[in-house]
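Chemist: Sequence:
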Amino acid sequence: MRLPTWNWRSLMSQPQAFVTNLPPQVWTGVFRAACCLAPVVLFLCFFNPYIVDPTRIGWVLEADWGQHVLGWNAYRHCAESLNHQTCLAAPVGNTLMSLDANPPFAFLFKPFASLLPENFQYIGLWFAMCVALHFFVAYHLVRPYAQHRWMAFGGAIVLSLLPILYYRMRHDTLVAQFLVLWGLHIFLNVQTERAKMWHWIGLLGFAGLLHPYLLFMIAAIWGGDVLRRFWPAARTFDRKALIDMTWRAVLVLAAPIITMGIAGTYTKGMASGAGGWGYYTAGIDAFFNPVRQDFSNILKATPLNGGQSFEGYQYLGFGLLVLIVIAVVLYLTSPEAKRSKDFLNKLWPLALPMLCLALIAVSNNAKFFNMTVWNFPLPEVLREPASILRASGRMMWPIAYLMILTALVVLFRARPKTVGVLLPLVIAVQAYDISGFAAAMRKATGLAQSEKIYYLTPSPLWDKLVEASDGVDFYPANVHLNQKLFYEVTWRATSNKLPVNTMYAARENLIQVGYQDASQDAFKSGQVKSNHLLVFLKQCDAPANLRPRLRMLDGVWILPPEAAMDLPLDKPVWDPIRSELRFGWLDQGTCMLDQNWSRPDTEGTWSDGPDANVMIPIKHVEFDTPKPRKLDLNLKAKSRRTVQVSVMVNDVKVDEIELKPRASQHTISLPASVLRKDTLRLRFVVNTPEPVVSEGAAESSASSSAPRSGRSQIARQPEPQSEPQTGQSLGIKLINIKLTDPDADPEDEPPAKPLKG
74 MRLPTWNWRS LMSQPQAFVT NLPPQVWTGV FRAACCLAPV VLFLCFFNPY IVDPTRIGWV
134 LEADWGQHVL GWNAYRHCAE SLNHQTCLAA PVGNTLMSLD ANPPFAFLFK PFASLLPENF
194 QYIGLWFAMC VALHFFVAYH LVRPYAQHRW MAFGGAIVLS LLPILYYRMR HDTLVAQFLV
254 LWGLHIFLNV QTERAKMWHW IGLLGFAGLL HPYLLFMIAA IWGGDVLRRF WPAARTFDRK
314 ALIDMTWRAV LVLAAPIITM GIAGTYTKGM ASGAGGWGYY TAGIDAFFNP VRQDFSNILK
374 ATPLNGGQSF EGYQYLGFGL LVLIVIAVVL YLTSPEAKRS KDFLNKLWPL ALPMLCLALI
434 AVSNNAKFFN MTVWNFPLPE VLREPASILR ASGRMMWPIA YLMILTALVV LFRARPKTVG
494 VLLPLVIAVQ AYDISGFAAA MRKATGLAQS EKIYYLTPSP LWDKLVEASD GVDFYPANVH
554 LNQKLFYEVT WRATSNKLPV NTMYAARENL IQVGYQDASQ DAFKSGQVKS NHLLVFLKQC
614 DAPANLRPRL RMLDGVWILP PEAAMDLPLD KPVWDPIRSE LRFGWLDQGT CMLDQNWSRP
674 DTEGTWSDGP DANVMIPIKH VEFDTPKPRK LDLNLKAKSR RTVQVSVMVN DVKVDEIELK
734 PRASQHTISL PASVLRKDTL RLRFVVNTPE PVVSEGAAES SASSSAPRSG RSQIARQPEP
794 QSEPQTGQSL GIKLINIKLT DPDADPEDEP PAKPLKG
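Residue numbers in the sequence shown follow this note's numbering, run continuously in steps of one, and reach 830 at the last position.
Since the hints were derived computationally from the structure, they do not count as laboratory data.
Hints may be right or wrong, so weigh each one.
[Claimed, not checked] Across the chosen pairs, the derived CB separations fall in these ranges:
{"no.": "1", "residue 1": "512", "residue 2": "97", "range": "56 to 66 Å"}
{"no.": "2", "residue 1": "314", "residue 2": "220", "range": "51 to 61 Å"}
{"no.": "3", "residue 1": "512", "residue 2": "192", "range": "49 to 59 Å"}
{"no.": "4", "residue 1": "275", "residue 2": "432", "range": "26 to 36 Å"}
{"no.": "5", "residue 1": "745", "residue 2": "671", "range": "50 to 60 Å"}
{"no.": "6", "residue 1": "719", "residue 2": "692", "range": "24 to 34 Å"}
{"no.": "7", "residue 1": "412", "residue 2": "314", "range": "22 to 32 Å"}
{"no.": "8", "residue 1": "620", "residue 2": "114", "range": "54 to 64 Å"}
[Stated by the list, open to error] Calculated pairs, SDA-like style, for lysine to any residue (alpha carbon to alpha carbon, straight line, at most 25 Å):
{"no.": "9", "residue 1": "703", "residue 2": "725"}
{"no.": "10", "residue 1": "537", "residue 2": "459"}
{"no.": "11", "residue 1": "537", "residue 2": "601"}
{"no.": "12", "residue 1": "414", "residue 2": "427"}
{"no.": "13", "residue 1": "341", "residue 2": "459"}
{"no.": "14", "residue 1": "183", "residue 2": "301"}
{"no.": "15", "residue 1": "726", "residue 2": "598"}
{"no.": "16", "residue 1": "490", "residue 2": "427"}
{"no.": "17", "residue 1": "411", "residue 2": "488"}
{"no.": "18", "residue 1": "490", "residue 2": "213"}
{"no.": "19", "residue 1": "750", "residue 2": "711"}
{"no.": "20", "residue 1": "537", "residue 2": "624"}
{"no.": "21", "residue 1": "602", "residue 2": "653"}
{"no.": "22", "residue 1": "709", "residue 2": "750"}
{"no.": "23", "residue 1": "373", "residue 2": "476"}
C-beta: ideal position from N, C-alpha, C; glycine also.
Model the full structure from these sequences, guided by the hints.
Modeler: What follows is the structure, encoded as structure tokens:
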């Protein structure tokens, strides 16, 4: 049998001829279809598709999404002005900007509040819009440097595959990174000064309405555009050019100043910054460190601390790293790549702004794969301004996009004929490398597949409790103790236009903090609003007069309003309390602090003065030994100065310890009688030290008793003053307490069980 002889060249030429001879209208249609399909595919790669259903609420009632969606829901139902509502953090309330509630979309949907479904969120729609706009702005950014539209299409895909775009989904407004691309487009592609001015006004105005961090990044790019005109005009002292540039800059700057006010940035009592500078930084290795091993299938990840692993996450992906390396090699070795020199020259005005952004991102605490490169204290004068940009690691974003754009332009100019092969390879390598990352991002929005809203509070009795209340209060007033619980109950409250006593805001309002502290002290004194629902974010003992009213629903302790006391609610049941109690801001120990304590921080809690109490429901403590006959109190604490502290147990002094500014451990034997009580009452009393006399006081005192000549009387100085002893200076910081059985064999102690709280 003879096999047929195939004319392969003829077979291949026929389809090629068919494709080549297609009418231009067909190719245009195919291209437009691809442009419409690309953002859809990108969206489905990184998000669960159900998030675009605005009636699915359960998936956003967690993490920072909860803060943002509650800000919208409160604004929808309780708005008292253009940008302010009084339901959350009552009675002061919050603005849209302080809750990061996406002011542009809030303003868009607010007029239709009565027409919208009862449960409505726009975060999913926002994500879809951002991905689509990111792709289209990227295309217009790249198109002037691409030989044909399909080349620009591939470049837009590349610029849409940076992991930082999707990693920011927890801060939904920060997914609007198309604004950064728009800024680069204005700088590079918009030609006339008049057109540039109007573009900058629109861009900076919108960024000021949306998010301060995006505004800062885009302002840096705009600053480069200003430098582009300033240096030549300043060197020649061209007064006409300088005046023209000045009035245009004033108009551009006015736009974000106005829109920030519209969004509610300028609010009485709002703190300008927050802690975290030097913690939420970007490492020097950020562009090539995946941080988590499942975020890269090729490169090895080096885990970072919580701040750098989130705000400092800047991994480009192996495909884009390869693209940058190819571009650098081509530029150094290929004469054709020198065609991109004109483009690189256009970027010089951005050098200084990008350097400033990089230094801010790395901060005074620079690390390279967790190794400290430099770490120095920030000057006091810079600490408050720096706190405004505490999440400084984000400032790397414009640098990342500029690097990728530059690599694309070099590739387009150096290898225009083979770019059709190179770009798909880069995209394929990138897709393979970050496939695990994409799966993790889809999982983050996975709850959107369910229509379920309430996971911790599913009982319908919650709706009845809220309806019977005139307000909802939380104790302790720290949302982070149980965010999910807070979000679920508060969604019901804001939907019913009820005031809530606390809220987590991007910048806390110091006036509201005063109200919260007063309400916490009132609760400790047994004073609550009888017509309010009080929800415990952790299991906390109540004052004696309130204990008969305590109830439990879905495992959550509450004080129902008087109008709902007849509802079928369970009596509260304690979960076992750990024998070791910590007093940081997320610890259950803060529930047991009685009066005269300040707000907890990450380490512990300072007392407000020399006398403070701790109340521990000892009969519900789970000890390492089943039935201890006596207990030791292991205490870790410190003070602002060296002090002697009397330790009282159930109003009886049992010991005296010395505390210093450096934390120290102390063991105190407790009387056996504490085990027969329901509550262990610890009282710490700082013994007031002798007044500390300032330096030179003894010498001055001695000279004052000696006879003085007339000259010495004239030259006599005022008597030295002792340093003031304020309540704060005499405070102690409680870090942790552990109750142990002194007779127990340490080797026989069972491992700690996971307990609630």
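Chemist: For the pair supplied as a hint, residue 750 and residue 711, is the alpha-carbon distance within the 25 Å limit?
Modeler: violated, 28 Å
Chemist: Between the alpha carbons of residue 411 and residue 488, is the straight-line distance 25 Å or under?
Modeler: With Cα atoms ~11 Å apart, residue 411 and residue 488 stay inside 25 Å; holds.
Chemist: Hinted pair, alpha-carbon criterion (25 Å max): residue 537, residue 459. Please report holds or violated.
Modeler: Violated, because 46 Å separates the two Cα atoms, which is more than 25 Å.
Chemist: If I claimed the Cβ atoms of residue 275 and residue 432 lie 26 to 36 Å apart, would that claim hold in this structure?
Modeler: holds, 29 Å
Chemist: Given the hinted pair residue 537 and residue 601, is their Cα-Cα distance within 25 Å?
Modeler: Holds: residue 537 and residue 601 sit about 20 Å apart, inside 25 Å.
Chemist: Indicate whether the distance between the beta carbons of residue 314 and residue 220 respects the range 51 to 61 Å.
Modeler: violated, 35 Å
Chemist: Please test the hint of 24 to 34 Å on the beta carbon pair from residue 719 and residue 692.
Modeler: Since residue 719 and residue 692 have Cβ atoms about 26 Å apart, the given range 24 to 34 Å holds.
Chemist: Given the hinted pair residue 537 and residue 624, is their Cα-Cα distance within 25 Å?
Modeler: holds, 14 Å
Chemist: Quick one, are residue 373 and residue 476 close enough, alpha carbons at most 25 Å?
Modeler: The given pair, whose Cα atoms are some 22 Å apart, holds under the 25 Å limit.
Chemist: I want to verify a distance hint. Is the separation of the beta carbons of residue 512 and residue 192 within 49 to 59 Å?
Modeler: violated, 28 Å
Chemist: Could you say whether the range 54 to 64 Å given as a hint is met by the Cβ separation of residue 620 and residue 114?
Modeler: Holds - the Cβ-Cβ distance for residue 620 and residue 114, about 59 Å, lies within 54 to 64 Å.
Chemist: Within a Cα-Cα threshold of 25 Å, do residue 490 and residue 427 meet the stated pairing?
Modeler: Judged against 25 Å, a Cα distance of about 32 Å means the pair is violated.
Hint violations for this structure: numbers 1, 2, 3, 5, 10, 14, 16, 19 and 21, all remaining hints satisfied.
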